[in-house]
Structure formats: structure tokens, C-alpha cells
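There are 2 protein chains.
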Amino acid sequence: MSKTLGVLGGMGPAATLDFLAKLQAATPIQREQDHLRVLVDINPKVPDRNVSDSDPGPVLAAMAAGLKNNGAQVLAIACNTAHAYASEVRASGLPLVDMLEAAGQAARAAGATQVGVLGTGLALSLYRDQFAHQGLEVVTLDDHEQVEFMALLYRVKKGALGQDSREAMAGLAHRLVGKGARAIVAGCTEAPLVLKAEDLAVPFIDATEVLARACVAACLAHDA
Amino acid sequence: MSKTLGVLGGMGPAATLDFLAKLQAATPIQREQDHLRVLVDINPKVPDRNVSDSDPGPVLAAMAAGLKNNGAQVLAIACNTAHAYASEVRASGLPLVDMLEAAGQAARAAGATQVGVLGTGLALSLYRDQFAHQGLEVVTLDDHEQVEFMALLYRVKKGALGQDSREAMAGLAHRLVGKGARAIVAGCTEAPLVLKAEDLAVPFIDATEVLARACVAACLAHDA
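So the sequences go chain by chain: S and R. Just so we're aligned: 154 in the numbering used here is position 154 of the first sequence, and the numbers increase by one with no gaps anywhere. Just so we're aligned: 185 in the numbering used here is position 185 of the second sequence, and the numbers increase by one with no gaps anywhere.
Chain S with its partners taken away, still in its complex shape:
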């Protein structure tokens, strides 16, 4: 019997559906009943992770506890930045499939050591810490480009999923390649809503998809 996955979502809501679609695509099925049971809390009311005086920690802890109470056995957070509050989520007592760790493993598997990451300021600091443990160097945007990225991210959150956004995101990824990145991590769940592997000449690591695969593996793993 596969384990039930609990998903802390809504950051943003469209990105959560992208994650769930990638989870379904990554699940080996013969029939509908072979899909994982997934409990999802799509909570767009989580305080903004990119505002200095907000504290999403207690809200995320409560979401994790609620998912556990309702039967979740393994947790995932469908937002890179919210991994800053991973310890509050782990306080539920359930294992958390770590999106950033999974992305680092994918980058290593792609043979890259210099890895460009598109993410919020908070996510980038998490990626630097995580990737240092995995022997990877994080390549980031210059400050003014990072401001462009954040503005683009908020446009995508409001539904700007067209060609303009795709080209803008690809332009930022190309800047990272120009600075030495040998792979690009979409380290913000809004990024792969517009950026696709074919936009890049280096390996594209979609942290959302990588997390989905890791969750399928965790939920299908046989108990020891």
C-alpha cells in the first residue's frame, strides 16, 4: 500500500497544480487506483514569504499538523522559499521530502558543479547552504537582475503565463549561463510555469518536477 502524501500548497495556487500534475505524470499506473492518495492544503493566505515582517512559520506548522491529522504520512512543500520553515513543518513528526536537496541531487546527476538558480532572495540563501553540502556552487543574478526576477515572479503569480514572461525568464536564465552556470535550477515554483527545457542550451532542473519524482519514490518505497 502506498503512503499518503500531504502537500503544503497555495504558494502560489497555480504552482501547486503544476506540482500535482507532475506528481501524477511521475506515478507508474495500470489503472486509476494506482495513483497516490494526496491530501493538499492549497492555502494562498500563507503570509508572503518575501516580505520582511511576515512570519509564515506558525501557519505552515499548523498546515503540516492538519495534514498529519487527516492521514498524511509523508509531507512536501510545493514552494522553494517556504523551505526556510522546514523545521516548523518537520515538527509535525512526519518526514519531509526536501525540494532543494532533490534539486541538488539532480544537478549532480547532470554533471554540473556550477549551478545557476532562479529563486527569491530567501530561496537563494537556502540553496547556497544546501548546495554547499552537496559540493555545488550556486551562480546567482546581479542585484538589478534579481529585482527584475522578483517583478516577473509577481506577474506570473497574477497569471502572466504568456510568451513575454517566458522570454523574460529565459533571458534571466541566459544571464546565469553567461556567468558560468552549467545547469539551471528553476528554484521558484513559478519559474517552470513559463520556462521550459527547450529554452536553454544547458540542463534544466525543474525543482518542482524533481520534487514530484522524489515524492513518488518516497510514497511507493516499501517499509523496511
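To be clear, the hints were calculated from the coordinates, so they are not data collected in a lab. You may find that some hints are simply not true.
Copies of the same chain are indistinguishable here, so a pair counts whether it falls within one copy or spans any two.
[Claimed, not checked] Here are the computed lysine-lysine pairs in the DSSO-like style, where the Cα-Cα straight-line distance is at most 27 Å:
#	residue 1	residue 2
1	Lys-158	Lys-45
2	Lys-3	Lys-68
3	Lys-158	Lys-3
4	Lys-3	Lys-196
5	Lys-196	Lys-179
6	Lys-196	Lys-158
7	Lys-68	Lys-45
8	Lys-158	Lys-179
Every value quoted in this text rests on a predicted model; they were computed, and no experiment measured them.
For chain S, the structure is supplied; the task is to place chain R on it using the hints.
Frame of chain S; chain R shown alone:
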């Protein structure tokens, strides 16, 4: 403050994501935090609604109770056929936004009185009862065409979302038009995964989309 929606999903999993995407599209937002909070139980392990000796009722009742315990204030079932167990879901004490009733209202708004419904055998009997209350007549497929529909439905559930499925679904809808239907209800959540309004010369009522709009209205309604 908007109400929290609880969704009984997973029947099938892809159809639940289609519902959630339509829910997001139907929600008026200025910023991400304006989206509804949605608790979703994607449970593909619900016993098959189309097998005579299965009893999904207790499972759906438990799902509804779990969603309520976790904070849901309004419920929806992202599956037409599973509305056969609406009373078990309503036993949770929460209001249920009824997909079939909403579809009937949409059919009446479209000015149709003879309405073709694409659905499972169990869903068709529910539609006949519901639509009779709304002064609508249900037009259904012949028995051998209904067998074709069910085979197509199970192919869609397994991921056959391409042009072949679309043409086959449109062909069945055209049969209903040939039998006098003046509107077509996609009365099975897998149908709108492949059938689109532009495939038809009569109004297309996507019960999934209609349910999404009704849920937004229910969750944004001010308390009296």
C-alpha cells in the same frame, strides 16, 4: 474572509486538477492571497463508482469528515457519478455545492429544455432525477453507444487525452444532438478533459466549470 472549500477528489486525479484550475480561473483576484483556501483529498482509492458490488459511500463520508475536521466550511465533489453518495457527504454537516443542480441551472440559462448528457449509467440516472425537478429532459445515448462512452472514459482515465479521444467524445456528443439535444452537458469529469465547446454546434455545459463557478460564489458569499 472567504470560506474554505473542501474538495472530495481523485475520481479521477486528472479531473480533480482540471476542476482546481477552473476554480482558480473563476476566482476574482488582485493578488495571490485573494485565491480561495482549498483543502483537497485526492483519493484515487475510492472504490470504482461503476462496479456493481462496490460501496464508495463510507469512504466518501470519511473523506468529508476529514475535510471538515481540517477546516473546510463548504464541500464539493469533483465527480458527477459520486453525487450518488451526496447524502453520505452531507452527513458531515457541511453544505455541499451540487454539481448536477448547477449544471441544470446552466442548461436552463442556455435556454435548452432537451439536454444531452454524457455520463456514466449511474450519473445519468442522477441527472434524470435532478433535471426533472428543473423542467429539463435528459437525452441519452443508445445502449451500444453508452458502452462506447464507458470504454472511452476508461481510456481517458489512463491518460489518453489526444485527438483520437477528442474526436470520439465529439462523435458521441453529435449523436445526442442528432437525437434532439439542444445543449450538451459534460456530465462526467473526464469528458471536458478532451471535449471542448468548439467541437459542438450547440451550447456546451461543462459541469466541472459550472461547479467551479458555483463554489467560488458559495465561498465568497457574505454571511447573512
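Each hint, compared with the structure:
no., hint, result
1, Lys-158 to Lys-45, "within (15 Å within a copy, 34 Å between copies)"
2, Lys-3 to Lys-68, "both (12 Å within a copy, 22 Å between copies)"
3, Lys-158 to Lys-3, "between (34 Å within a copy, 21 Å between copies)"
4, Lys-3 to Lys-196, "neither (30 Å within a copy, 35 Å between copies)"
5, Lys-196 to Lys-179, "within (20 Å within a copy, 45 Å between copies)"
6, Lys-196 to Lys-158, "both (19 Å within a copy, 25 Å between copies)"
7, Lys-68 to Lys-45, "both (20 Å within a copy, 18 Å between copies)"
8, Lys-158 to Lys-179, "neither (30 Å within a copy, 44 Å between copies)"
Checked against the numbered hints above, the structure violates hints 4, 8; every other hint is satisfied.
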